[in-house]
Each structure stands twice: as C-alpha cells, then as structure tokens.
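Asks: We have chain A already, so just place chain B on it with the hints.
2 protein chains.
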Amino acid sequence: MSKKLQMIVKSKVRDIYNVFLIDEINTGLSTYVNQKKYIYIIDENVYNLFKEELKISISSERYIFIKSCEENKQLDYAQLVIRKLIDLQIRKDDVLIAIGGGITQDIVTFISSILFRGIDWVFFPTTLLAQCDSCIGSKSSINFDNFKNLLGTFNPPSNIFICNKFLLTLNESEIRSGIGEMMHYFLFEGYDIAERLINNMTMLLQNPLNLQEFIVESLRIKKGIIEQDEFDIGIRHLFNYGHTFGHALESITKYQIPHGQAITLGMDLANYISFQRNILSKKDYLKMKNLLKYNTPDFKFNHNNIENYLNALSKDKKNKDNKLGCILSKEPGDLQKFYLDFDLQLKNEILQYSL
Amino acid sequence: MSKKLQMIVKSKVRDIYNVFLIDEINTGLSTYVNQKKYIYIIDENVYNLFKEELKISISSERYIFIKSCEENKQLDYAQLVIRKLIDLQIRKDDVLIAIGGGITQDIVTFISSILFRGIDWVFFPTTLLAQCDSCIGSKSSINFDNFKNLLGTFNPPSNIFICNKFLLTLNESEIRSGIGEMMHYFLFEGYDIAERLINNMTMLLQNPLNLQEFIVESLRIKKGIIEQDEFDIGIRHLFNYGHTFGHALESITKYQIPHGQAITLGMDLANYISFQRNILSKKDYLKMKNLLKYNTPDFKFNHNNIENYLNALSKDKKNKDNKLGCILSKEPGDLQKFYLDFDLQLKNEILQYSL
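Protein sequence lines correspond, in order, to chains A and B. Here the first sequence stands for residues 1239 to 1593, numbered as in the working numbering. Here the second sequence stands for residues 1239 to 1593, numbered as in the working numbering.
Hints are supplied without guarantee of correctness; some may be wrong.
Which copy? The list can't say, so a pair holds if one copy fits it or any two copies do.
List time: in silico BS3-like cross-link candidates among lysine-lysine, alpha-carbon distance up to 25 Å [to be verified]:
{"no.": "1", "residue 1": "1250", "residue 2": "1461"}
{"no.": "2", "residue 1": "1553", "residue 2": "1330"}
{"no.": "3", "residue 1": "1558", "residue 2": "1248"}
{"no.": "4", "residue 1": "1521", "residue 2": "1568"}
{"no.": "5", "residue 1": "1403", "residue 2": "1575"}
{"no.": "6", "residue 1": "1250", "residue 2": "1330"}
{"no.": "7", "residue 1": "1330", "residue 2": "1274"}
{"no.": "8", "residue 1": "1386", "residue 2": "1305"}
If you're looking for bench data, these hints aren't it; they were derived computationally from the structure.
Same shape as in the complex, but just chain A:
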C-alpha cells in the first residue's frame, strides 16, 4: 500500500491543504477510523460499487448516504443533510469525510462552510472530473429554487486522497468528460501535454489507471493559479476558457452533454471566434481543433437553436454591461479575457462555426 504526498496547496481559508495519491482506498481511509470525531458522507452509488473497501467507514455508525443527482445539489437537500448531521450529534471539531464526485463535493463544501462557521473536511474524489479538477480550488456551487449555481462558498478540504481504483468503474462518457476538463488546463498552459494526452487517448480509455500522470499535471496547472487567486476575482477567470460557451450549451441541451465534452466544444468555439477576430492564427486554431475533435460532442448550431443559445450566454454571471465576458485564445498557453457585444457578428460566428 502506498501513499504519496503529491501536492501542498496554499489557501486563504485554511493556510494549506494536501493532495495525496493512494493506490488502495483503505490507505487513505485508515487514517480516519476509531475516533468519534469523523462523520462519513458517502455517495450511495459509490458505496454500492465499493462496499467491501468502504466497510471500515460505516463501522463507526456515523455516516450518511447521499444521492448525488443534480436535483439534490440544492439548498433544501443541504438542509436535510445538516439535520442528519445534527442527529449524529455533530460538533464543531468533528471532521466530515466525503466520498464521491463533484456533487458530493459541492454539498459537503457548502455544508462545511456554513456549519459552525466552517468545519474541517476530507475528500476522496471518485470521478475523473473531481480528481483532475474540482477537488482543489475550494469552490462549491448549489442550486436555489430554479436558479442553477446561485449559491456557493469557498472551503477546501484539509486533505484530499486520489485513488485511481475509483476510475475503474467509470464509463467512457465519464472518462471523456474528465479528459475534456484536463484538456482545458493543458491548453491553458500550452500545447505539448494536450497533444500527449490525445495521442494516448485510446490507451487511456482502455486503461484509466494510466490517467494518473495527467491528473497530476492538471492539478499542478490549476494549483499555480488558485494559489494566486483562490476567490476567483482576477487571473482565475482565465479558467473560464471553454466554460462560458460550454455552460450555455449544457443549459440549452438540458445537461444531456457531459460537462467536459460541452467545454471541449466551448474551447473549439472560443478558438474559432478568436481566429475570426484575428486574435488567433489559423494555424494555431487548426492545430488545437485537431486535438479537440477527438472529444467534441456531435452538436450543431443552427437557426433553430441560435437564439436560445445566445439567450443562455446572455445570462452568464461573468457578463458585464450586457456584454459577454469570455476567454479567448491568442495561442495555446496564452488566453485573455474579452467582453463581446451581443451583435450580429457574434451570432454569425457561432452559426458559421457549425458549417
């Protein structure tokens, strides 16, 4: 059994937190047994897949199963979980151990931010998206009434344990979604790692255990920025590359396209707009398109969906003065924030992108 301290992340909320790589779930979990202070919050699906490995965590009888669906990423559901924590007699110095993907993380981050003005928590991310991206960076997003991600907080776990065993149960779509998110970090930094990932894509889909090297690269790039701008008020905005266009796509397709693939199309579209506006050379645009195409979902903008899409873009939280706040690319590794008018030019560029 091996446990490697891969990374220490600086934070304003809790000075530092640690990312460990482990090869057995128990290597991480065994740190958190035999003390009354731990309460486990476990994605029910993950528990059903890893009953034997997670047995140790429920032996304490201080655990809560959650159903991690989008409908439960909601303030009402967070309140239900808080009531269960009260039933388990949670105290200010208890520690929550979260085991699950991004939605589990959102719920536990949010609860641990507002309960007793912040309590300690530990995270075992179980999806590729959570392992390569969301596990660091402190953010939570919670839906309120019909408003997606209206609420949120910053509260990183004190320790993160990344175990690649969890990746073995993911389907291809989930792996591709994580790959899309990693590509966004790699193209933020440059071209080489992105190319290496795509060159190995077949092998990685066949054997997800090999993803760990790319997970580490992805977290390394993210760490460099979130340590400078944890609260997302400046340079961290550059990570919205592909996301502004991707989120609007997710919205109009009712979240049927996996997140990482929606942002893959989002990056390609952002690049196309950059190229059309002479910000990005044709050569670099095509070079990146040649990588992104292996993970771009099959979706076309047309006259039937364009107004809907522009409307979704117009609701982005990062917009200012009715302009679209988005990240464009000058070349691989060189991104910049722009505010685009919602004019005919933008509409035509999006339509032309799909021709």
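Replies: Same frame as chain A, now just chain B:
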C-alpha cells in the same frame, strides 16, 4: 458634514476593509446612490425612525425592509430575503447596503457569503453593540431549526460607516448593553479605559454622542486580535471572556437580559472563579467588580436554577471532552483559556458567587 477614515482592517476574505466615522447618515449614504448596482437592506424600525435621512436610499426602488427579531435570524428568513433579491434582479457585482443592528448584520453577512460565492456589502451599524463590536470581525450567526447560531460564515463588509446619530434613538438598556460589550474589550486590554468609561457612565447615558471615543477604543482593541485570527481558531478565543458564562445566562433567562449585561455578569463570574482558584488576586477581583457592578444585571444563582445553568454551559460549542472551555482572568489585561471540569467545585463556585 464630516467623514473620517478611522481604521483599515486587514482580512483574509477581502484583503482590507474600512471603518469611517460620519456625523450625518447622508455623508455615508450619498456614496451609494444613482447607480443600479446598489440594493439596500434596511431594518424596518430604523427606517421608521430615520425616514427623512433614509429617503435617498429608497428612491432607487431597489430596497428590502427586514424585521430584525431573533425569530428572523434564521436560514428560512435568509431564503426569503434571497428571493426578494432575485426579484430585484441582483447580479454578482451588485453591492448590498445594510442599515441596522446585529441581526440585520447577521442576515446580510450570511447572504453575502453564500450568494454567487460572496458579494460585496457595506454596513451602517445602528446599535451601540453593532458599532462598538460586531461591525468588524467578519462573523455571522444564523439559527437553524431550534439550534441557536448553528450556522455562520465570515464575510466582512467592504466599508463600515459609524454615525452617532443612530445612538440618539436607543434606550438606556440598549446603551448599557453596548457598554457591557465595550467593558469586555477594555478589561481584555487592561484597567484604565474600563475605569474611565465607568467614571463617565452617567454622562454617557445622558448624552450617547460622547460614546464615540469609547467605540473607537473598543474597535481598536478588537482589530488588533481579529487581524491575527480572523477565523477564530486561536487567540480570538480570548474574546469569549464573559461570553461563555453570559451566553448560558441568556439562554436560561430566555434572552430577557440584554446581551452586554449578561456578559458583564459573565465577566464578574469568570473573575470570581479565577479568584477562587488563585488565578486572580482578591485585590484585582474586587477592583474589577467595583467597575462591573454598575452594569451587572440583577440575577442570582440558586438551587432552583443551577442545574439548568450548568446544563446550558455544557452545551457551549467551545467545550472539549466534556469540559467547559472558558476564559479566566489572571489580572486586568491578562486572560487565559481554561478547560474546567463540570464538578462540585464549579457548581459551588457559581452558587457562592451569588451569596
């Protein structure tokens, strides 16, 4: 009209924030008009008392009145306010302008912490307690179901405007409550300012405008500690002096004793216990008692209420391993954290204190 930048407070949440002293409400408010980005959240009582002065703030038609009673310091009520903010089409870069006392502050701090992962807010504290204490320090406390202050966050306003006009409408009990809280800061630092305040008490009760010098001293002392320990994990615990014993008193008397007076008794009781345990000299104990007596509420511990009181103490969030976490005094200006057994000695000390 004068506006004086009295203090700049360092914060991990927002780098710095400012405390201004103003002599007219409008001097502060006039900064925040004629722009769509401001939404006012105003205590209804304060509005009724200062309609003319606050007219400017509601002219924008982006305002919410709140009823600041303990029953509304609740997550459910915060949700109602969030829905009203959504109706007012709040955006991430809008600024909330809160005008009211501690409960208004709790609600607005909490909302501004969780909405869009944190939004900017400005505070006009209108009670002495809010002006001399809670306006700096970043904290919110929100009740959940039947659990008092179970939820909370840290999010200071960007600017605080302290206007002593607000103090003119407070009754003696509210002034005395603020004086109790200030005494706790003064005895944290030493003896002299505490003595000066008590020597001037009659004059201050007659003309609350003279309180401003003491408000500034109180905030100066608090600033020195919260800048070191904003998130209340170390030295800031010393500010619980008088509060552990005071909160339990408030709880068993159903909040009929004003907060600042409950903590005055709390300090006196903490001093008595310190004296009994040879931590504090008799001379210093009596010296402080001689100041505190001018603001101590008329309450006696006896065999009818002691178990109830010990039970309330046993529920304090800062307790550890079934021991009472509390701050005792070694001398004026020298406090220390102790964990006391819930034993016969403690019970007898509390009973003897009232003899």
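Asks: Looking back at the numbered hints, which does the structure fail to meet, lowest number first?
Replies: Result: hints 3 and 5 break, sorted rising.
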